[in-house]
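For chain Z, the structure is supplied; the task is to place chains D and B on it using the hints.
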Amino acid sequence: MVTMSTDSSTTIEPMSLADIAKEHGDAGVTNREAVFQVNDLAVSYSGNVAIRDVSLDVFENAITAFIGPSGCGKSTLIRCFNRMNDLVPGAKIAGQVLYHGKDLYADDVDPVEVRRRIGMVFQKPNPFPKSIYDNIAFGPRVLGLKDDMDGRVERALQQAALWDEVKDRLKESALGLSGGQQQRLCIARCLAVEPDVILMDEPASALDPISTTRIEDLMHELKREYTIVIVTHNMQQAARVADMTAFFSVEVSPDGKRTGIIVEYDRTAKIFTTPADKRTEDYVTGRFG
Amino acid sequence: MSRRTLKGGIFKALLLFSLFVGFLMLGVLLVDVFHDGLPYLDLTLLTNPPSSDPQQAGARPAILATLYIGVLLLLFVVPIGVGTAVYLEEYADKTRWYNRLLEINIQNLAAVPSIVYGILGLAFLVRGLGLGRVLLAGAMILTLLVLPTVIIAAREAIRSVPDSIRQGGYALGATQWQVVSRQVLPASIPGIATGSILALSRAIGETAPVIMIGAVTFISFDPTILGPFTALPIQIFQWVRLPQEEFKLLAAAAIIVLLAILLTLNAFAIYIRNRYRRTW
Amino acid sequence: MRISFQEELDALESSLRVEGELVLRSLRGSVEAVCAQDLELADEVIAFDDDVDSQYFAIEQGIELLLARQTPVASDLRLVLALLKDNLHLERMGDLCVTIAKLTKLTKGLQPDDALLEGFKEMGERAEQMIRVALRSLEQRDRVAAESLLELDELIDRANRRVVNRLLDLGHDLEVREWGLRMILVSRCLERIGDHAVDIGEQTAYLVTGEFREFTDASH
Chain Z
1 MVTMSTDSST TIEPMSLADI AKEHGDAGVT NREAVFQVND LAVSYSGNVA
51 IRDVSLDVFE NAITAFIGPS GCGKSTLIRC FNRMNDLVPG AKIAGQVLYH
101 GKDLYADDVD PVEVRRRIGM VFQKPNPFPK SIYDNIAFGP RVLGLKDDMD
151 GRVERALQQA ALWDEVKDRL KESALGLSGG QQQRLCIARC LAVEPDVILM
201 DEPASALDPI STTRIEDLMH ELKREYTIVI VTHNMQQAAR VADMTAFFSV
251 EVSPDGKRTG IIVEYDRTAK IFTTPADKRT EDYVTGRFG
Chain D
1 MSRRTLKGGI FKALLLFSLF VGFLMLGVLL VDVFHDGLPY LDLTLLTNPP
51 SSDPQQAGAR PAILATLYIG VLLLLFVVPI GVGTAVYLEE YADKTRWYNR
101 LLEINIQNLA AVPSIVYGIL GLAFLVRGLG LGRVLLAGAM ILTLLVLPTV
151 IIAAREAIRS VPDSIRQGGY ALGATQWQVV SRQVLPASIP GIATGSILAL
201 SRAIGETAPV IMIGAVTFIS FDPTILGPFT ALPIQIFQWV RLPQEEFKLL
251 AAAAIIVLLA ILLTLNAFAI YIRNRYRRTW
Chain B
1 MRISFQEELD ALESSLRVEG ELVLRSLRGS VEAVCAQDLE LADEVIAFDD
51 DVDSQYFAIE QGIELLLARQ TPVASDLRLV LALLKDNLHL ERMGDLCVTI
101 AKLTKLTKGL QPDDALLEGF KEMGERAEQM IRVALRSLEQ RDRVAAESLL
151 ELDELIDRAN RRVVNRLLDL GHDLEVREWG LRMILVSRCL ERIGDHAVDI
201 GEQTAYLVTG EFREFTDASH
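Protein chains in written order, with the numbering used here: chain Z, 1 to 289; chain D, 1 to 280; chain B, 1 to 220.
Among the hints, erroneous ones may be present.
To be clear about the criterion: a stretch of chain Z counts as covered by chain D if any three or more of its residues have a C-beta under 8 Å from a C-beta of chain D, and this derived list gives those stretches [unchecked claim]:
hint: 1; stretch: 83–92
hint: 2; stretch: 186–198
The calculated lysine to aspartate or glutamate pairs, modelled on EDC-like cross-linking and capped at a C-alpha distance of 20 Å, are [unchecked claim]:
hint: 3; chain 1: Z; residue 1: Lys92; chain 2: D; residue 2: Asp93
hint: 4; chain 1: B; residue 1: Lys102; chain 2: B; residue 2: Glu154
hint: 5; chain 1: Z; residue 1: Lys130; chain 2: D; residue 2: Asp222
hint: 6; chain 1: Z; residue 1: Lys270; chain 2: B; residue 2: Glu60
hint: 7; chain 1: B; residue 1: Lys121; chain 2: B; residue 2: Glu44
hint: 8; chain 1: Z; residue 1: Lys146; chain 2: Z; residue 2: Asp164
hint: 9; chain 1: Z; residue 1: Lys92; chain 2: Z; residue 2: Asp53
hint: 10; chain 1: D; residue 1: Lys94; chain 2: Z; residue 2: Asp57
hint: 11; chain 1: Z; residue 1: Lys92; chain 2: Z; residue 2: Asp110
hint: 12; chain 1: D; residue 1: Lys94; chain 2: D; residue 2: Glu156
hint: 13; chain 1: Z; residue 1: Lys171; chain 2: Z; residue 2: Asp148
hint: 14; chain 1: B; residue 1: Lys121; chain 2: B; residue 2: Glu154
hint: 15; chain 1: Z; residue 1: Lys124; chain 2: Z; residue 2: Glu202
hint: 16; chain 1: Z; residue 1: Lys130; chain 2: Z; residue 2: Glu172
hint: 17; chain 1: Z; residue 1: Lys124; chain 2: D; residue 2: Glu156
hint: 18; chain 1: B; residue 1: Lys108; chain 2: B; residue 2: Glu40
hint: 19; chain 1: Z; residue 1: Lys270; chain 2: B; residue 2: Glu64
hint: 20; chain 1: B; residue 1: Lys108; chain 2: B; residue 2: Glu60
Since the hints were derived computationally from the structure, they do not count as laboratory data.
Idealized CB from N, CA, C, for every residue including glycine.
For reference, chain Z alone in the conformation it holds in the complex (with noise of 0.2 Å):
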């Protein structure tokens, strides 16, 4: 603009619209690496098919979420990713899950050493009947990371901000600790064995509104260093906090056995604005039968 004149008192920002798009990661997110590559995926539980044919990529450093009706397999598909579902008798994987392109399911692959990477984070908050410094220590120990556990306390507790309300009070036992307190206690025990991935099971859903809050928040700082796959029966949560969306459903056969089935995988934001499938439409605007 050479002719156009300008007034020098006033500046004029950048556009920050598009830093705010960069900065909540949603835009390119399909970009990034892939932690977690899924192929195919169905899981049965005793010859019950709990869900099928699941194929879909999880990337990195950014908030996936698995929303769905109740028994769409969300949390059976979760629980695959870190073998927690090792731990239920009768259940069998079917498909493939790579991680970092690894199958996690390959005969040489330790749990133990899958669940050290991939940490998880469940409905209510277990705290361990112990203070809130063995609780955290708990992790560390176990897999034999003694060094500088003061330190390691300390910088969980930070991350998971709750270090100012308990810095004064370690030795004290956990369970007095709030709901929402608990569960950021839970999340800083995650923390401490320095995942690469937290996994979070409907983590708000036994909070009150302003916990819920906090822990969103907590996601978003979190999300920077760590991968993080929730699953929520919340839909604005989802569309609060996640970067990419998956929205499940339940298909009832003919014998009336019920499985569950992906329906549409995509950036949050088409999710919510123009869904692709009538099925996700009618589900996030509280339609469906």
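Chains D and B alone, transformed into the frame defined by chain Z:
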């Protein structure tokens, strides 16, 4: 008064009556024992060996033997009982037939009459293993007697640890043994302790198997583990059978001692249970 | 709390301010083009509207995503709705500047009237002032400042009437009449820009009070 209220009142009265009957029996027993035994409750009872002179007689060997048996019992029954319970609850595949068989048998064992254990001990320990009629054999057979109780108590304690604790442990990368030894067992200790102490107090009072094993009724020296022995219930039994009236009163005093030991143990069990009661 | 939500809201507001600056540049350019009969400048103003439009679309899209993902309520919702409408008002202002530039090009070679051009200069400054007041009242959530726009609009309306009266006095020459018709439209555009600024003020008042009221009724 309406019919419903009347029915409620009658029901409540019946309940109180049953309670009353129980307490009445107990009360009569205690009053009788204390009335007879209290005058004879003195230090000689505790420190002197038995003798034919009622003034001199004491139950010292019996008391010592009872204490030794108690300690040995705990040393045997806790590891075996807890170990079995841990195996059944944490490691066993419950669908396998041999594990189901094991479960049924534990329930059955708890119902076997104690005299049968006595015969078992006589045949296998005293004669079969050649141990002879020694204190150790007595402790071992009492261990077998109360083992099912301890196993059941330990299993209940382990079961009461919520599965979410185990899941949390596994999710952090702990092995099964680490989860069991560092989470499940520490959390079950109150239940296990309570069960063990109650088992102990039952074993101390058992007379039949100890007699079968061969607890001698007259011992004047302090017992050793691999030597002949007697126990407090047997000493009481023996005194009651003697013709002198004074021995019967002495027996009552010994009963008071026995009751005191049992009550102390039970109170301790209750204390532990209340102190470490956990709300998950 | 809800840090990323707040960041998104702030980004949308500051983007609106950026759009406002772009519109101001457009306005100054178009008024200067008319007053100086500068056809090159008029072309630049027309081309520059693409920048305004792309900022408009970016904000539109940002608001759509915010509504879909964050489900704002209460004052957040009123803010988002106000931003949505203000975005449209600013974009319309940009279009009006383009119209002024196009009219300037059409009057190439025609004889201008200096008094009228003075009038436009004054209206342009008034409009510029109104846009600044409107945007500042939004930023500071200042209802009183928003309501003051009504008085400023009155000034533009009077200037518009003076332009019309002056044109009626100018004469019957064909060329003069052609020029005059075009200039009435320019005056009308500037007056419309003032109205849009008032509308932005109304949105600010709605945001602050929760009630939507026109500052004045249609009879005015």
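For each hint, the structure was consulted:
| no. | hint | verdict |
| --- | --- | --- |
| 1 | 83–92 | holds (count 3) |
| 2 | 186–198 | holds (count 4) |
| 3 | Z:Lys92 to D:Asp93 | 17 Å, holds |
| 4 | B:Lys102 to B:Glu154 | 26 Å, violated |
| 5 | Z:Lys130 to D:Asp222 | 46 Å, violated |
| 6 | Z:Lys270 to B:Glu60 | 15 Å, holds |
| 7 | B:Lys121 to B:Glu44 | 19 Å, holds |
| 8 | Z:Lys146 to Z:Asp164 | 24 Å, violated |
| 9 | Z:Lys92 to Z:Asp53 | 14 Å, holds |
| 10 | D:Lys94 to Z:Asp57 | 37 Å, violated |
| 11 | Z:Lys92 to Z:Asp110 | 17 Å, holds |
| 12 | D:Lys94 to D:Glu156 | 16 Å, holds |
| 13 | Z:Lys171 to Z:Asp148 | 17 Å, holds |
| 14 | B:Lys121 to B:Glu154 | 16 Å, holds |
| 15 | Z:Lys124 to Z:Glu202 | 8 Å, holds |
| 16 | Z:Lys130 to Z:Glu172 | 8 Å, holds |
| 17 | Z:Lys124 to D:Glu156 | 23 Å, violated |
| 18 | B:Lys108 to B:Glu40 | 11 Å, holds |
| 19 | Z:Lys270 to B:Glu64 | 11 Å, holds |
| 20 | B:Lys108 to B:Glu60 | 37 Å, violated |
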